[in-house]
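Peer 1: Protein chains in written order, with the working numbering: chain Z, -5 to 214; chain P, -5 to 214.
No lab work stands behind these hints, which were simulated from the structure alone. Worth double-checking, as some hints may not be accurate.
Identical copies look the same in the list; a pair holds intra-copy or inter-copy alike.
Each computed SDA-like pair below joins lysine to any residue, with the alpha-carbon atoms no more than 20 Å apart [what the hints assert, rightly or not]:
1) 184 to 171
2) 184 to 199
3) 41 to 56
4) 49 to 86
5) 41 to -1
6) 184 to 138
7) 41 to 190
8) 205 to 5
9) 184 to 146
There are 2 protein chains.
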Amino acid sequence: MVPTLRADVRYFEVADDGHSEPQGWFGGGADLTPCYLFEEDAIEWHKHWRGVCDKYSPDLYPRYKKWCDEYFYLPARQEHRGIGGIFFDDLMDFSDLPPPPSPSPSTSPTPPTPPLEFVQDVADGLLDSWRPIVDRRRSLPYTPQQREWQLVRRGRYVEFNLLYDRGVRFGLAPGGAIERVIVSAPPLVKWSYRYGEPGEEERRLVDVLRKPRDWADETD
Amino acid sequence: MVPTLRADVRYFEVADDGHSEPQGWFGGGADLTPCYLFEEDAIEWHKHWRGVCDKYSPDLYPRYKKWCDEYFYLPARQEHRGIGGIFFDDLMDFSDLPPPPSPSPSTSPTPPTPPLEFVQDVADGLLDSWRPIVDRRRSLPYTPQQREWQLVRRGRYVEFNLLYDRGVRFGLAPGGAIERVIVSAPPLVKWSYRYGEPGEEERRLVDVLRKPRDWADETD
Chain Z
-5 MVPTLRADVR YFEVADDGHS EPQGWFGGGA DLTPCYLFEE DAIEWHKHWR GVCDKYSPDL
55 YPRYKKWCDE YFYLPARQEH RGIGGIFFDD LMDFSDLPPP PSPSPSTSPT PPTPPLEFVQ
115 DVADGLLDSW RPIVDRRRSL PYTPQQREWQ LVRRGRYVEF NLLYDRGVRF GLAPGGAIER
175 VIVSAPPLVK WSYRYGEPGE EERRLVDVLR KPRDWADETD
Chain P
-5 MVPTLRADVR YFEVADDGHS EPQGWFGGGA DLTPCYLFEE DAIEWHKHWR GVCDKYSPDL
55 YPRYKKWCDE YFYLPARQEH RGIGGIFFDD LMDFSDLPPP PSPSPSTSPT PPTPPLEFVQ
115 DVADGLLDSW RPIVDRRRSL PYTPQQREWQ LVRRGRYVEF NLLYDRGVRF GLAPGGAIER
175 VIVSAPPLVK WSYRYGEPGE EERRLVDVLR KPRDWADETD
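Next up, chain Z with everything else stripped away, as it sits in the complex:
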């Protein structure tokens, strides 16, 4: 009943020729993949990330929420991997973004904030955003049929990672380290031909994976 958390923050730096100034950028994000949908969790999760983003610009959360939905998508299943969160990459500065609202109209416009601070906020908020959800769900009972559904859904997770994830492709390139990439694969996974959704609760999840919702605008 606990949704899977995937999250990272990263900094890459490259120099083409060793002479010119190296270019660096941030990437990262956090998203949840539940087997059973608890709307309360989805709403709380997205509101948390909207709060982190809104400190920097009101444009940030809608942009990174959409990016997350688009990135974690399995075309062959016509399903998103989970209920999303935020995702960003190639982040060098925020100069194209409108600033957050100033405390009062008389203060001077906020200078562009270096993205490092934003990325640190994302990293610092990771566990706090997930832990309350874990605490609410970890002791819930589950049936053998629900465990089976979990193992089948984990198959989708593997499918996304191996078929579509560009981080995985990157890790498999010469010089990559497959064990560090495949560590994201769940410990036990089932595939079953045309398994479908056995019941109402499973269909509720898949409906949401087919059509992402604006959780941060909803109330529980």
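Add chain P to chain Z, keeping to what the hints say.
Peer 2: For chain P alone, coordinates are given in the frame of chain Z:
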């Protein structure tokens, strides 16, 4: 203890514009993926397929054996998927191949054989090539550790199919049917970080997967 059999024969036909003559070709093959290596099985398996191929040309088996080894390879693991067999594709005719040895030097050279007959021989031989191996291995006892090794090895099978197999990529294209592709995924699979080879028998298998052997030339 029974090796996984993967096999198919297929005929594709395309016409680019609907006016010109359609072009057709055969593809197919058969290969084995064991979790534990029985050299006797590998030798018998490869001798079977050399026998099928040699009816048409002595060049066929070496070519298709090599193609099989090259196709079923996981670069990120530096392992072949299994102990191979034969693999062929884009097969339109055998006109570039030397014919099989004539019964006597006085007969006229064999005319090129249409590949349909070869492909039918491959299909007809599939079950006969595998069944004796199944019969020898199906009742062997196994330990929980050996079962665990099987589940871990199945992970490699999934990795190959999702990361590298072009048949899978084809099936995932628009208009494809993912359930008909993913049906090749084993029912239960384990991933375990840096699992390695727990013992001597597991190392023997992986040695062979790292360095394919000319089984048809070996004697048991």
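Peer 1: Could you run down the list of hints and mark each one as holding or not?
Peer 2: Structure-based check of each hint:
no., hint, verdict
1, 184 to 171, "between (25 Å within a copy, 19 Å between copies)"
2, 184 to 199, "within (18 Å within a copy, 25 Å between copies)"
3, 41 to 56, "within (11 Å within a copy, 62 Å between copies)"
4, 49 to 86, "within (17 Å within a copy, 65 Å between copies)"
5, 41 to -1, "within (16 Å within a copy, 50 Å between copies)"
6, 184 to 138, "both (13 Å within a copy, 19 Å between copies)"
7, 41 to 190, "neither (31 Å within a copy, 43 Å between copies)"
8, 205 to 5, "neither (32 Å within a copy, 39 Å between copies)"
9, 184 to 146, "both (5 Å within a copy, 13 Å between copies)"
Hints 7, 8 from the list above are not met by this structure, while the remaining hints are.
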